[in-house]
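Under our numbering, think of the first position of the sequence shown as 1, with each following residue one higher.
In case anyone wonders, no lab produced these hints; they're calculated from the structure. Hints are not guaranteed to be accurate.
Each computed DSS-like pair below joins lysine-lysine, with the alpha-carbon atoms no more than 27 Å apart [as the list claims (entries may be wrong)]: (1) K435 to K352; (2) K376 to K391; (3) K296 to K378; (4) K135 to K78; (5) K87 to K400; (6) K296 to K58; (7) K58 to K78; (8) K87 to K198; (9) K87 to K352; (10) K244 to K87; (11) K296 to K135.
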Amino acid sequence: MSTSYTSYKTIIEIVGDIVKVRLPEQSEQASPLVRLNDLAVLSVDGSDSRLAQIIDIKNNVVSLQVFDSTKGLSTDAKVNFLNQPMKVVASDNILGRVFSGKGEAIDNGPSLEYEQKIVINGPIVNPVKRQVASKMIRTNVPMIDVFNCLVESQKIPIFSVSGEPYNTLLARIGIEADADLIVFGGLGLIFDDYHYFKHQFENAGMLARSVMFVNQASDSIVERLLIPDLALSVAEHFAVEHNKRVLVLLTDMTAYADALKEVGIANERVPSNRGYMGDLYSQLARRYEKACDFTKGGSITVLSVTTMPGGDVTHPVPDNTGYITEGQFYLHDGIIDPFGSLSRLKQQVIGKQTREDHHQVMNTMIRFYSGSIEAKQKQSMAFELNEFDEKLLRFGELFKRQFLGIDISMPLETALDTCWEILKACFSPEQLLMKKEFIDKYYYQKKS
Numbered sequence: 001m002s003t004s005y006t007s008y009k010t011i012i013e014i015v016g017d018i019v020k021v022r023l024p025e026q027s028e029q030a031s032p033l034v035r036l037n038d039l040a041v042l043s044v045d046g047s048d049s050r051l052a053q054i055i056d057i058k059n060n061v062v063s064l065q066v067f068d069s070t071k072g073l074s075t076d077a078k079v080n081f082l083n084q085p086m087k088v089v090a091s092d093n094i095l096g097r098v099f100s101g102k103g104e105a106i107d108n109g110p111s112l113e114y115e116q117k118i119v120i121n122g123p124i125v126n127p128v129k130r131q132v133a134s135k136m137i138r139t140n141v142p143m144i145d146v147f148n149c150l151v152e153s154q155k156i157p158i159f160s161v162s163g164e165p166y167n168t169l170l171a172r173i174g175i176e177a178d179a180d181l182i183v184f185g186g187l188g189l190i191f192d193d194y195h196y197f198k199h200q201f202e203n204a205g206m207l208a209r210s211v212m213f214v215n216q217a218s219d220s221i222v223e224r225l226l227i228p229d230l231a232l233s234v235a236e237h238f239a240v241e242h243n244k245r246v247l248v249l250l251t252d253m254t255a256y257a258d259a260l261k262e263v264g265i266a267n268e269r270v271p272s273n274r275g276y277m278g279d280l281y282s283q284l285a286r287r288y289e290k291a292c293d294f295t296k297g298g299s300i301t302v303l304s305v306t307t308m309p310g311g312d313v314t315h316p317v318p319d320n321t322g323y324i325t326e327g328q329f330y331l332h333d334g335i336i337d338p339f340g341s342l343s344r345l346k347q348q349v350i351g352k353q354t355r356e357d358h359h360q361v362m363n364t365m366i367r368f369y370s371g372s373i374e375a376k377q378k379q380s381m382a383f384e385l386n387e388f389d390e391k392l393l394r395f396g397e398l399f400k401r402q403f404l405g406i407d408i409s410m411p412l413e414t415a416l417d418t419c420w421e422i423l424k425a426c427f428s429p430e431q432l433l434m435k436k437e438f439i440d441k442y443y444y445q446k447k448s
């Protein structure tokens, strides 16, 4: 860190992890003494140094969020403003490493003290420098690849509830996605979840092309707020400077929003909907809008988890997220819901980068699966089923068995062929209501 800093011993209040410092009065024309998001170091008797970040400035009173606990800190502590924002190491040597919310390595690996560092939370990319999303990211998850393609530079969340295997799905996508690099950001993870991701990445042999930023549930709230910025800044560096196709995985953004709420209340800000701050939308948008396909460079794709308290999609976090992102994957009962899930960019790649029959197969499978659910309801109410209802029920069982599980893995082309096999086993060609050219080419082909 830079040694150029200003020092004060004018702490006026300590509330929780928030420290308020009064600065000297200045004229309106004078340059500001400090800037929002800059770092500071608090120390008592020249020792016991604690890092903090400026989170609010009102007139001449500055609010600092202390990374570590304020326990034992008194109002006569010395505050050194470092006059620079948080930086993170960004070089090839961070691949395979694990960092905390402070950007410090926590994996007992070699020191990175002299590596290149970049400022986090920089400006959003100029729209003129963006390309229209047009490349598919294959995940080998058939419910994604066939029905809601993940597109390079897309920002899309997994909507779920506590107890669902959303971290399992996120890890699987990270392992199997055809991206150059994976940047993982864990927010408020319990140790078991952190260990699970690290273990999965190691076993898959992909830790060497990934970077992990982890904030555990026992860690500081302010570190939780920094995790998305650290992950996205590193992703942007590799995408712009090294032309890499980067997939950013974030879990769980509801924990991020809860941290924003907690800090806002501690800083005496007036809450809005359900206690969340009024700038929740802009705070989320600033992070999600980092997703980009650079005209000169690589790309950043953001896949996050957003848990819905009580399964309530109108909760402020999923509600605001839905307005920002380009669709969502709904995960409930251990499956990706084919009806609630939506990828608004899938039309950019279906039939263009995928097989010609993709669009019609996708629509036909969903149409018949919807019909199978209606037939199941008729059966449960003891209504008489006709021959076509029986076919729909058989189709529904085959569809569930071969597609719905999040542990099912198959390439897109294999998945499309499997769709045709299921359609062939359940329906006649006339019942498919598909283009004759596709029926002639794929319905009658022999299974290889």
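Indices of hints not satisfied (ascending): Failing hints, ascending: 3, 4, 5, 6, 9.
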